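Colleague: Next come the chains, spelled out residue by residue.
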Amino acid sequence: DAGVIQSPRHEVTEMGQEVTLRCKPISGHNSLFWYRQTMMRGLELLIYFNNNVPIDDSGMPEDRFSAKMPNASFSTLKIQPSEPRDSAVYFCASSLTGPRLNTEAFFGQGTRLTVV
Amino acid sequence: AQSVTQLGSHVSVSEGALVLLRCNYSSSVPPYLFWYVQYPNQGLQLLLKYTSAATLVKGINGFEAEFKKSETSFHLTKPSAHMSDAAEYFCATGQRNKLVFGAGTILRVKS
Chain D
1 DAGVIQSPRH
11 EVTEMGQEVT
21 LRCKPISGHN
31 SLFWYRQTMM
41 RGLELLIYFN
51 NNVPIDDSGM
61 PEDRFSAKMP
71 NASFSTLKIQ
81 PSEPRDSAVY
91 FCASSLTGPR
101 LNTEAFFGQG
111 TRLTVV
Chain V
1 AQSVTQLGSH
11 VSVSEGALVL
21 LRCNYSSSVP
31 PYLFWYVQYP
41 NQGLQLLLKY
51 TSAATLVKGI
61 NGFEAEFKKS
71 ETSFHLTKPS
81 AHMSDAAEYF
91 CATGQRNKLV
101 FGAGTILRVK
111 S
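Chains D and V are the protein sequences, given in the same order. The first sequence runs 1 to 116 under this note's numbering. The second sequence runs 1 to 111 under this note's numbering.
To be clear, the hints were calculated from the coordinates, so they are not data collected in a lab. Note that the coordinates shown come from a computational prediction; the quantities given were computed from them, not determined experimentally. Possibly wrong hints are sitting among the right ones.
Stated by the list, open to error - Pairwise CB distance ranges, derived in the manner of DEER restraints:
1) V:Glu64 / D:Gly16: 48 to 58 Å
2) V:Gln45 / D:Phe74: 19 to 29 Å
3) D:Glu44 / V:Pro40: 18 to 28 Å
4) D:Pro70 / V:Ser14: 27 to 37 Å
5) V:Ser9 / D:Ile5: 40 to 50 Å
Think of the CB as a built atom: it goes at the ideal place given N, C-alpha and C, for glycine as much as any other residue.
Given only the sequences and the hints, what does the whole structure look like? Please build it.
Modeller: Printed below as a string of structure tokens:
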């Protein structure tokens, strides 16, 4: 398996523009996570899905952020409109989870977003 | 809520010296604990995980961690540091099917 695949690897956009980040989880995994990493705040969980259903989106910072998982093999994280403070590395991760988390999450390479 | 605290945002060791990265957890139930490593411009990679089967857990690249319930700790060690170990290390715990990460510790290895 190729692992978790994220695209694009780098994105530079102007303030106010819409940004869409994409993720393909590992085949067979039933949970998908979006994380944001910044120097100031470290790794933050934004949202996670289980069996394509959003379970916890309490980490989504604002209404400008939205995430979807239309099927088991694809998810998007959208920011509209983008702001400079959204600049960060966004990671997608997937795992095979059961009643309690005892399996690791596998991370993609991340998307480095710069909003100017 | 379960959480982890990493002591020391930066650790510097000489090549060949012992590596010790500290992690303490807070949990009212037996936790699942993980150590991840992040190399520059890379995603996170699992080093090892504790799932209550054994208190001493061996991972990749010569790392190991010991679960100590009495100290609520899960410190990461490696007997002899290599230059290639320079990276950021994250301790994490499972909470309701999601991973909660510590703030990370940047390991610097001096030649």
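Colleague: Flag every earlier hint the structure violates by its number, smallest first.
Modeller: 4 and 5
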